[in-house]
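**Q** The residues making up each chain are set out below.
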Amino acid sequence: QKEVEQNSGPLSVPEGAIASLNCTYSDRGSQSFFWYRQYSGKSPELIMSIYSNGDKEDGRFTAQLNKASQYVSLLIRDSQPSDSATYLCAGKMDSNYQLIWGAGTKLIIKP
Amino acid sequence: DTEVTQTPKHLVMGMTNKKSLKCEQHMGHRAMYWYKQKAKKPPELMFVYSYEKLSINESVPSRFSPECPNSSLLNLHLHALQPEDSALYLCASSQDRGQPQHFGDGTRLSIL
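Just so you know, the protein sequences line up as chains A and B, in that order.
The opening residue of the first sequence carries number 1 in our numbering; numbering runs sequentially from there.
The opening residue of the second sequence carries number 1 in our numbering; numbering runs sequentially from there.
Check the hints yourself; a few may be wrong.
[Unchecked claim] In silico lysine-lysine, DSSO-like type, Cα no more than 30 Å apart, as pairs:
{"hint": "1", "chain 1": "A", "residue 1": "Lys110", "chain 2": "B", "residue 2": "Lys41"}
{"hint": "2", "chain 1": "A", "residue 1": "Lys42", "chain 2": "B", "residue 2": "Lys18"}
{"hint": "3", "chain 1": "B", "residue 1": "Lys40", "chain 2": "A", "residue 2": "Lys2"}
{"hint": "4", "chain 1": "B", "residue 1": "Lys38", "chain 2": "B", "residue 2": "Lys53"}
{"hint": "5", "chain 1": "B", "residue 1": "Lys41", "chain 2": "B", "residue 2": "Lys18"}
{"hint": "6", "chain 1": "A", "residue 1": "Lys106", "chain 2": "B", "residue 2": "Lys40"}
{"hint": "7", "chain 1": "B", "residue 1": "Lys38", "chain 2": "B", "residue 2": "Lys9"}
{"hint": "8", "chain 1": "B", "residue 1": "Lys40", "chain 2": "A", "residue 2": "Lys56"}
{"hint": "9", "chain 1": "B", "residue 1": "Lys41", "chain 2": "A", "residue 2": "Lys42"}
{"hint": "10", "chain 1": "B", "residue 1": "Lys41", "chain 2": "A", "residue 2": "Lys106"}
{"hint": "11", "chain 1": "B", "residue 1": "Lys9", "chain 2": "B", "residue 2": "Lys53"}
{"hint": "12", "chain 1": "B", "residue 1": "Lys22", "chain 2": "B", "residue 2": "Lys9"}
{"hint": "13", "chain 1": "B", "residue 1": "Lys38", "chain 2": "A", "residue 2": "Lys2"}
{"hint": "14", "chain 1": "A", "residue 1": "Lys42", "chain 2": "B", "residue 2": "Lys40"}
[Claimed, not checked] Computed footprint of chain B on chain A, listed as stretches where at least three residues anywhere in the stretch have a Cβ under 8 Å from a Cβ of chain B:
{"hint": "15", "stretch": "40-54"}
{"hint": "16", "stretch": "97-110"}
For the record, the hints were derived by calculation from the structure and aren't laboratory data.
Predicted, not measured: the structure shown is a model, and the values here were computed from it.
We put the CB at the ideal spot given by N, CA and C, even for glycine.
Please take these sequences and the hints and turn them into a complete structure.
**A** So, in structure tokens, the structure goes:
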């Protein structure tokens, strides 16, 4: 069973600090990973894609992929209350192109 | 605002009704998806269309019937639904299968 695992949280982080969200996966064949942000009652919004080992930065967001250890992380610098949401990690399985979704981590940024 | 448009935003229907959910995208994407999402759960894939052909059907009950009239449109026809089918129904599209998916705002469906 191919799986993507996330701690459901909630993860509470003070405003201005770095929020670190983590995701592990079971399928070594997984090549691509995506981070989505979902506000309560809204649809998922793509915030980062990462395809190769290492770091990828976009504004306050940094995605990290370590294929040897089979984990993906998302760092949010200078966290704002507006970052409070559920963050979903999804991995693409090359065998059939489907996305395997983690359960999501609820992030709370405390002012 | 999203580039994937779903209508209606809310739908309440009885168990004997027939209704349809609609999804439209004008990004030239060739893959389109239907997902079902329950509260505090991740999206659950229902159907995938690639180049207007159904490529994945995740063992969804026949009371859900997808249709892809053209590369920009995706419908989900609903008939004789059950109360447990109440959920947020999400449409997504991507340039091709395996590419990042972009979601519409969803249709919140309630079955009485």
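**Q** State for each hint whether it applies.
**A** Verification of the hints:
{"no.": "1", "hint": "A:Lys110 / B:Lys41", "in the structure": "holds (24 Å)"}
{"no.": "2", "hint": "A:Lys42 / B:Lys18", "in the structure": "holds (25 Å)"}
{"no.": "3", "hint": "B:Lys40 / A:Lys2", "in the structure": "holds (21 Å)"}
{"no.": "4", "hint": "B:Lys38 / B:Lys53", "in the structure": "holds (27 Å)"}
{"no.": "5", "hint": "B:Lys41 / B:Lys18", "in the structure": "holds (26 Å)"}
{"no.": "6", "hint": "A:Lys106 / B:Lys40", "in the structure": "holds (9 Å)"}
{"no.": "7", "hint": "B:Lys38 / B:Lys9", "in the structure": "holds (16 Å)"}
{"no.": "8", "hint": "B:Lys40 / A:Lys56", "in the structure": "holds (28 Å)"}
{"no.": "9", "hint": "B:Lys41 / A:Lys42", "in the structure": "holds (13 Å)"}
{"no.": "10", "hint": "B:Lys41 / A:Lys106", "in the structure": "holds (11 Å)"}
{"no.": "11", "hint": "B:Lys9 / B:Lys53", "in the structure": "holds (26 Å)"}
{"no.": "12", "hint": "B:Lys22 / B:Lys9", "in the structure": "holds (10 Å)"}
{"no.": "13", "hint": "B:Lys38 / A:Lys2", "in the structure": "holds (21 Å)"}
{"no.": "14", "hint": "A:Lys42 / B:Lys40", "in the structure": "holds (12 Å)"}
{"no.": "15", "hint": "40-54", "in the structure": "holds (count 6)"}
{"no.": "16", "hint": "97-110", "in the structure": "holds (count 7)"}
The structure shown violates none of the earlier numbered hints.
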